[in-house]
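Student: Sequence:
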Amino acid sequence: MSNSEIEDLKRELAEKEKELEELRRTFIEYKNVSDSLSEQIKLKDNQINTINTTIKTKDDLIKTIQDSIRLKDSQIDALQKTVETKNKTIDDLSQQLGSTINESVLKEKDKKIAELESELGKLNEELATTDDEIEQLSNELEKMQSKASRTGGPFIDFTEIEIDSEEIIKKMKEILLNALHSVSISTPSISDLQDLDLFEVKSSVNMRISCLIDPSVEEHIDLLEEFESLDNINMRSYESEDRWLIFRDGEELFFCAVGTKPNNYLAFYTKDSAHIKLFNSLITETWLRSRKV
Numbered sequence: 004m005s006n007s008e009i010e011d012l013k014r015e016l017a018e019k020e021k022e023l024e025e026l027r028r029t030f031i032e033y034k035n036v037s038d039s040l041s042e043q044i045k046l047k048d049n050q051i052n053t054i055n056t057t058i059k060t061k062d063d064l065i066k067t068i069q070d071s072i073r074l075k076d077s078q079i080d081a082l083q084k085t086v087e088t089k090n091k092t093i094d095d096l097s098q099q100l101g102s103t104i105n106e107s108v109l110k111e112k113d114k115k116i117a118e119l120e121s122e123l124g125k126l127n128e129e130l131a132t133t134d135d136e137i138e139q140l141s142n143e144l145e146k147m148q149s150k151a152s153r154t155g156g157p158f159i160d161f162t163e164i165e166i167d168s169e170e171i172i173k174k175m176k177e178i179l180l181n182a183l184h185s186v187s188i189s190t191p192s193i194s195d196l197q198d199l200d201l202f203e204v205k206s207s208v209n210m211r212i213s214c215l216i217d218p219s220v221e222e223h224i225d226l227l228e229e230f231e232s233l234d235n236i237n238m239r240s241y242e243s244e245d246r247w248l249i250f251r252d253g254e255e256l257f258f259c260a261v262g263t264k265p266n267n268y269l270a271f272y273t274k275d276s277a278h279i280k281l282f283n284s285l286i287t288e289t290w291l292r293s294r295k296v
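In the working numbering, the protein residues as written are 4 to 296.
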């Protein structure tokens, strides 16, 4: 084999090595893309599982309430039959005794019927309340499904989401009743504090509260005097009216930022110590920006 043929073979071998290296790089690129897509699919699957679990929980709760309604209906039917039986008994007694019937017996029967009808009325009221609860749960489920459909990935867009202030107060009360040592609270106005049942909090819990207190509003002054009658409350006026928050025992944080539209809030809740450490500056800022009254 001549030297030129050997050189040609070397060049051809070098070309093949370049092609092989290019194929390796292409394979690595495709593998990275494949791994990234797998992670995205896994994230979507986790999100879908979370939404399905939430919907199933709501469905189970609705089924429980429906079972309760059926039980109430059965009780109502039983009471109605009892009332009919009592009425029939009275009619039979009236026919048998005629004009000699004992008036005290009739009064006793009338009293018993009135009691049964009263109990029937209470059951009907409970049934109406249960219907309202089912309607509320259905509305919550629709909102949840709507949020899920609008969600781009695992991130919730709060721009158009509406949260009733009653739900915010309910969550804050739930956290407040578990307080052991200290809580920081902020509401847009001192009037909002009336719904938090502050007088039911343990006297050993120190409460630091920031909210709008307008000295020119008589209601605000009356409420301030009422709340400051408690030794464990320290209040300041925070005029921005831009947040709801409660921070319990350094362990639990609930925060709602007021949006530009009515009932539009950016809300989050966490017990994670890293989250709390990051947002602790917001809690401190609220108190430092407040002024003594």
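Where hints are given, some of them may not hold.
[Claimed, not checked] Calculated pairs, SDA-like style, for lysine to any residue (alpha carbon to alpha carbon, straight line, at most 25 Å): (1) K176 to L123; (2) K176 to Q83; (3) K280 to L180; (4) K66 to S77; (5) K176 to R239; (6) K264 to E118; (7) K114 to V86; (8) K89 to E118.
Treat the hints as calculated values from the structure; they're not laboratory data. Small disclaimer: the values here were computed from a predicted structure and weren't measured.
Student: Going back to the hint list, which numbers does this structure go against?
Tutor: Hints 1, 2 and 6 are the ones this structure does not satisfy, whereas the remaining hints hold.
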